[in-house]
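Chains A and B are the protein sequences, given in the same order. Residue numbering for the first sequence follows my numbering, beginning at -13 and increasing consecutively. Residue numbering for the second sequence follows my numbering, beginning at 3 and increasing consecutively.
Worth flagging that the hints you see were computed from the coordinates, not collected in a lab. Don't take each hint at face value.
[Claimed, not checked] On the chain A side, residues computed to face chain B include the following (Cβ under 7 Å):
1) R79
2) G86
3) V88
4) P100
5) E108
6) E110
[To be verified] List of simulated lysine-lysine pairs, DSS-like, C-alpha gap at most 30 Å:
7) B:K522 <-> A:K81
8) B:K124 <-> A:K81
9) A:K81 <-> B:K413
10) B:K124 <-> B:K267
11) B:K522 <-> B:K267
12) B:K413 <-> B:K124
[To be verified] Quick list of the computed label-pair ranges, beta carbon to beta carbon:
13) A:G90 <-> B:S497: 50 to 58 Å
14) B:L459 <-> A:R99: 18 to 26 Å
15) B:V468 <-> A:G90: 40 to 48 Å
16) A:R99 <-> B:A226: 14 to 22 Å
17) A:R65 <-> B:R485: 25 to 33 Å
18) B:R148 <-> A:R99: 34 to 42 Å
19) A:P24 <-> B:G175: 33 to 41 Å
20) B:R485 <-> A:E29: 27 to 35 Å
Note that the coordinates shown come from a computational prediction; the quantities given were computed from them, not determined experimentally. Every residue, glycine too, gets a C-beta built ideally from N, C-alpha and C.
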Amino acid sequence: MAERYLTCPLCGFGFEPEDALCAHGCPLRSHCALVRCPACDYEFAEQPGRGSWWRRLLGSGTAEATDGECEALSVDQLRAGQTASVLSLSGSRNKLAVFGLVPGIEITLLQRRPACVVQVGETELALDREIARRILVRRPGGPPAEPEGILGTGGG
Amino acid sequence: MHRLLLVGNPNVGKSVLFKNLTGRYVTVSNYPGTTVEVVRARTQLGDRSVEVIDTPGINDLAAANDETRVTSAMLERHPEDVIVQVADARNLRRALLLTMQLAELDRPMVLVLNMIDELAAKGGRIDTAALAEELGIPVVRTVAVRNHGTERLAAALPRAAIPSLENVEVPHGAGEYERNRLRLARINELMEGTYSLRQPARPSLAVRLGFWAMHPVKGLLLGALALLGVFWFVGLFGAGTLVDLLETAVFEQRLSPAAITTLDKMLPFPHAHAIEAVPGSVAVPLSPVHEVELFAWQTEALRTGYTLTPGAELTAGQATRRFVHDFLVGEYGALTMALSYALAIVLPIVTTFFLLFSLLEDSGYLPRMAILVNRVFRLMGLNGKAVLPMVLGLGCDTMATMTTRILETRKERIVTTMLLALAIPCSAQLGVLLAMMAALSPAAALAWMLLMAAVLLTVGRLTARVFPGETSEFLLEIPPLRRPQLGNVWLKTRSRIGWYLREVIPLFVAGTAVLFLLDKLRLLERIASFGQPLVVGWLGLPREMANALLVGFLRRDFGAVYVLDAATGPEAILDPLQIFVAMVTITLFMPCFANFLMIAKEHGQRVAWAMTAFIFPFAFLVGGLALRVGRWLSGI
């Protein structure tokens, strides 16, 4: 059920594993740990898992820094209060789109537990962790602008 | 222009605007999905008569689910009508997405920017003229809750125009998602020149409170506090103080003696009513066992019980008079039982409950509960969204059954309907139960709640297994926390009470009439002895309680009132364990006949019968088990 979504670490292009360039006809098939980005032909290893369950349980709510270069995170890996711009969606994308949540828009993660709540424009949406995992965002640069400012930085 | 269709995103104020236009009240709340049915009314706008139609809110015109089906069908059925799109001014982006979808229908439209005051309070601004220019349709600003801008809307209606927006160029074979993305891209351009928003540096108190309500710890505390408030106001104050006042001071001491005296004069036959001292008191409850007494008094009053004058033979005429006398003011009298139950016990309870419930609804707190319970609901094949119909069920299970339409899959709708019919007590019954809990120990009240939670979970899990299908993902819009508008709270409470009385009084009178006839035909005795193995043997209740269960089939709150009367009334015949068992059994009954009809309407006859066939035996099963566990516990 769980749909994977890959993001090229070189060009930031998001794609589903079936779209990976080498997926068709390669004799190695599923034994190969590498995928090739359909946009720039860069070959890379799929993202490692998100840590063990107890790290997720006890984690302070920060993203596990899997690898420093990774540009894309899923929304539930953000810290509460952080704002980031959406890179890509997968799964039932239109359900999110009707709330105005589409790639390019800035969203703020308001809370992570017991369910994720994100703010899109003036809409607050409560979502399952499963949906949140399928919303990929660009890693916000540096620490959040206002640690307490739950509404994020709206700009003038 | 014959008809206006009010269309818009959920929770933007369509129903308030509908009331402003037509003067007809429809239920208004602060959460998406309050309106699930189309409501129509005629009104005079200028010099013509116009029909206004209020529709359930939609986010996506193309979505094919139950929630949007009603609205799309409405749009299709009336192709020549004017569309009035109502928008939340703060959320222009989403509103414009719907505007673009509606524009593709090529029909005359007007855009209403509602809640323009909330936008201003947030530091936002919309250039209405420029927006109207871009869209090619009139754009009107309103604050519907304060009835501002309704005349402006009426004035703009004749100018309704087909939007001049060019439709987005969609590549061949693109899905709805791609279309919406392109539309949103176009909207970004539109908003560039017409919309600005400056966020305040510090979140307001309402915003902070809204976050607390969703917090795993603070949210639960807030929830417990809300529950305690409901218990005090409805269970102790409403079902205690107010019921005492109405039942003893009004009915037992004044109305029913007066009715008995009048009827005795009009329909004389040789008999004498008993006269008893009826104590009354007014007290402010502090906890289930503590109260501050303000007044106490005692009066002599005529009771319904009477003895025939010894030696007197009744003539045929006298026997007829006695029959009518008993029908009205006898033990199962329409006045002395049905009306006193409906008006003295149920009315104060539902009034206090509806008042608090309307406050909660309008504050926007309820959807926040969905976040807290999402994980637990997952166990029952539901997601957090199902908490909305479930909580609404505390008001009325029948209405809530209709609200299950906001859930996405058939499986979720059926599981929720089942749980509503089984274990969610509706307002009248809840109040009676709260009163019974106050009569029991807090431990028993807790045991009742735990038992109901266990039943919800077990039956929920089982139903989810029986009905195959998927649970939809949890995605719910959370409305802002608002200070409830007292005017609306009052209107809503009043309309619900009115509806309740219209619904409940005829059924209470009918139920009492059935009991009366059965009693006169000496069938009540027969039924009591027939039900003896079940009522006395299995449930361990006195024989008289067969009556309570009998009327409980008709309306379970009627049964509950009967139990309450037997538990705390002047002639209490139940011990605490029996109260508990009766309480459990009656709670698990199907709420009322209307609920059965609604289930049949929403899910078909087969489902309705299957649920009935499960619910009643199950209620007796759990009641009997509760008795045995209770006995075993008190044995140690």
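Status of each hint after checking the structure:
no.: 1; hint: R79; in the structure: holds (5 Å)
no.: 2; hint: G86; in the structure: holds (5 Å)
no.: 3; hint: V88; in the structure: holds (5 Å)
no.: 4; hint: P100; in the structure: holds (5 Å)
no.: 5; hint: E108; in the structure: holds (4 Å)
no.: 6; hint: E110; in the structure: holds (4 Å)
no.: 7; hint: B:K522 <-> A:K81; in the structure: violated (62 Å)
no.: 8; hint: B:K124 <-> A:K81; in the structure: holds (27 Å)
no.: 9; hint: A:K81 <-> B:K413; in the structure: holds (19 Å)
no.: 10; hint: B:K124 <-> B:K267; in the structure: violated (70 Å)
no.: 11; hint: B:K522 <-> B:K267; in the structure: holds (23 Å)
no.: 12; hint: B:K413 <-> B:K124; in the structure: violated (41 Å)
no.: 13; hint: A:G90 <-> B:S497: 50 to 58 Å; in the structure: violated (45 Å)
no.: 14; hint: B:L459 <-> A:R99: 18 to 26 Å; in the structure: holds (21 Å)
no.: 15; hint: B:V468 <-> A:G90: 40 to 48 Å; in the structure: holds (44 Å)
no.: 16; hint: A:R99 <-> B:A226: 14 to 22 Å; in the structure: holds (18 Å)
no.: 17; hint: A:R65 <-> B:R485: 25 to 33 Å; in the structure: holds (31 Å)
no.: 18; hint: B:R148 <-> A:R99: 34 to 42 Å; in the structure: holds (38 Å)
no.: 19; hint: A:P24 <-> B:G175: 33 to 41 Å; in the structure: violated (19 Å)
no.: 20; hint: B:R485 <-> A:E29: 27 to 35 Å; in the structure: violated (58 Å)
Checked against the numbered hints above, the structure breaks hints 7, 10, 12, 13, 19, 20 and satisfies the rest.
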